[in-house]
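So the sequences go chain by chain: A and B. Numbering follows numbering that gives the first Met the number 0, in which position 405 of the first sequence is assigned residue number 404; successive positions increment by one, without gaps. Numbering follows numbering that gives the first Met the number 0, in which position 315 of the second sequence is assigned residue number 314; successive positions increment by one, without gaps.
Just so you know, the hints here were simulated from the structure itself, not pulled from any lab data. The C-beta atom is built at its ideal place from N, Cα and C for all residues, glycine as well. Treat the hints with caution; some may be incorrect.
[What the hints assert, rightly or not] Footprint (simulated), chain A over chain B, 3 or more residues, beta carbon under 8 Å:
(1) 26–39
(2) 42–51
(3) 118–127
(4) 140–150
[Said to hold, decoys possible] Derived CB-CB ranges, DEER-like:
(5) B/S253 to A/L118: 36 to 46 Å
(6) B/S253 to A/A323: 35 to 45 Å
(7) A/W124 to B/E59: 34 to 44 Å
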Amino acid sequence: MYISMADRTGGKTDPGTADAKLPAGQGVAFRLSPVILWLGIVSMATDISSESVSAILPLYVTGFLGLSTIAYGFIDGLNQGASAVVRIAAGWASDRTGHPKRVAVAGYGLSMLARTGLLFAGGFWSLIGIVTGDRIGKGIRTAPRDALISAEAQPEHLARSFGVHRMLDNIGAATGPMLAFLILLLIPNGFGVVFAVSLAFAVIGVAVLVLVVPDRRMARAAETPTRTRTASRWRQLKEPGLTRLLVTAGLLALLTVGDGFIYLVLQDRDSFAVQWFPLLYVGTNVAYVVLAVPMGRLADRWGRVRVFLGGHVALLACYVLAAAPLGGIGVTVACLMLLGLFYAATDGVLAALASRLVSPEKVATGIGAAQTVVALCRMAASAGFGILWFAIGASAAMLTAAVVLAAVLAATAVLMGASQKQAADA
Amino acid sequence: MRSTTHERIGESTGNRLMISRRRFITLLVVTVTAIAGAGIYAALEFQGAKASQAAPPPVEVTRSEALPVAPFVLFRNTAPGQGFGDAATVPLTVPGGPRALSGIACDRVYGTSEVTFCLQTKHELATNFQASVYDSQWKQTASWPLPGIPSRARTNADGSLTASTVFVSGHAYSAAGFSTETVIRDRAGPVTGNLEGFALILDGNRIKATDRNIWGVTFVPRQPDAFYATASSQGQIWLVKGSIAGRTLTVVRSGIECPSVSPDGTRIAYKKSDTGSLTGHRRIAVLDLARGKETVLSEQQSIDDQIEWLDDSTLIYGLPRNGSEVDSDIWSIRTDPSAPPALFIEHAWSPSVVR
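Model the full structure from these sequences, guided by the hints.
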């Protein structure tokens, strides 16, 4: 079984990929590719840009739209779905053209244009258009960028390289909101200044990407001899290892209820969490920043699937802690740490896993597919959990999610064990 | 800072990532221009905001040490300059006269002759929100954190109960948009009822949809258990009558938003949407509860406020001033469909008539 092979042998030998004959991973010293560092800086600038706006957009939107805001919420939900679907298409476009950088530039560029529009927004529909543009830009850029990281990284240190990128990315995600709040503290109603600062960082991100990151020409999917392989997008993904990863990750994502709900449960118990709600998000990101590289290293050494599953154990612990009849700031902080740990152990690691389970000319499609599946399943999970929450109450719903997640994790672990044995016998 | 990063990489990696001198200078120019541009704009806005905060307001103001003798109008002062955003009062007889500023900033304010209920936005380490209760000497007697952005505030006639509506928004990428949270609390703080937990009843059946929002409570005079509010689910908007003891919200009629019960308890003033949906133009209308008769008033501008009754035949409400996002005026209109609106208090928002 491909996942388990890549898992067990991630640092040793890796059948099923081009690097099968590489020497033992522990022998190769880690050396960060400058391209990954620059991509990290691109993401950091872009996240400062997008998260500074996200943090204050609710304030701006309600001031601007009044009670129509409720309708806005519904449309925003649709946008997130669109963004999830765009990822896989952008991954495919990246593989088809063989120029992931160009597709990434389109995605970062679209978000930058949306920021420019924000400075001139004039009503409900223009605001909706701008936010949609931003979300679609985010959907476009992710898969080609991760394909570039995967191409630049040393195979033995793939998850660690993704970890470095995610660390830089989340430094931006933690800084952005604080910067926006600082601006509003100094300049009452200074939304225009937040938008201008956001645009400045978006421009810097695009400039670094365009000017510094090389346009690495990849093997083109279209150049494969059999045309039928490129005719269907889905057929491109017919790699047994990837299919199994998609099923596993999708199943686990169906039990990922969404940070919003966890924050809501914490708010029920802890007035600190009510008052400092935006800081919960920042706290999760800070934990992610600190843990991204260690989790990547661990994944390269101990096994990427193990760490990916282990991250879900952290999520499970977070559910149990949130559902337990405890309160106070200690529980809140512990939950945020566990959530940060969950993201650190799953986000970059998923991209690393997906990129090694497909042949090099399909990397962006593979990563895009994994991210799309996870994003759509998490949306479904949020919707379903919302119903459960309403029907049986917060704590009971959280416990139910925890129990099912535990069962699925146990089943996945057994399956992995079985297929490892199978693979060893084969 | 960026240049040192670049040089370090250039040295350590040799020719692995060569950036041409021209590209590097271009990057430097773009970065410096972007940061300088945003920085200069921020500095100018900061200067402008400081100057505006220190400027004398365009209206006559006095300092309020205590609530005046009823009757008076309590509102949020939106005149630019000193005291912007403060809770303020004017005597009912001279609404255009000098306003007494409390020194307490409120986004929404409502009250009685003894109690002022105030929803506040606090810009601190992170922007956060709170509800505060003040006595007649402007002394804070209770406060609690709010989970979202203030939208509506009300008290009952004797000031013993408060009702607040806030917008709650998900910050996580996967969390869906906005919803409202409406809570009735004792003025000392304890929760009397979170309306999210109340049973929503339509034609005798309980609506179990999870996408419901409830906002805009108005307490019924002389009926301590009863209130009206707006409920919305699956694109529909209803007027609901609530029972605090029964924990129920019963649908009375559809298409009625942000109700406000008249002082005599016989009529409801509200926003009526052209389209019947959550977006669209809102007119002011009055419903006679006993006869079920609706009267649409002549105000042509779209309303986004919870209307207040000045007396049994006159309404007051806020409208943005010249399209401004921060300044507004309070207008009055008689409940006669042919009566035109008239300016009531300039540079003001969130009126509360204290009798």
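**Request:** Report holds or violated for chain A covering the region 42–51 of chain B, Cβ cut-off 8 Å, minimum 3 residues.
**Result:** holds (count 3)
**Message:** Given a hint of 34 to 44 Å, does the C-beta separation of A/W124 and B/E59 actually sit inside it?
**Reply:** 41 Å, holds
**Request:** Can you let me know if the beta-carbon spacing of B/S253 and A/A323 is within 35 to 45 Å?
**Result:** At roughly 42 Å between Cβ atoms, A/A323 and B/S253 fall inside 35 to 45 Å, so the hint holds.
**Item:** Proximity test - 8 Å, beta-carbon atoms, the region 140–150 of chain B to chain A, at least three hits
**Value:** Since 7 is at least three, the answer is holds.
**Request:** Examine the region 26–39 of chain B: at least three residues should have C-beta closer than 8 Å to a C-beta of chain A.
**Result:** holds (count 7)
**Request:** Determine whether the Cβ-Cβ distance between B/S253 and A/L118 falls within the hinted range of 36 to 46 Å.
**Result:** 39 Å, holds
**Asked** How about the region 118–127 of chain B: do at least three of its residues have a C-beta closer than 8 Å to a C-beta of chain A?
**Response** Coverage by chain A holds here, the residue count being 7 at a Cβ distance below 8 Å.
In the structure shown, no violation is registered for any of the earlier numbered hints.
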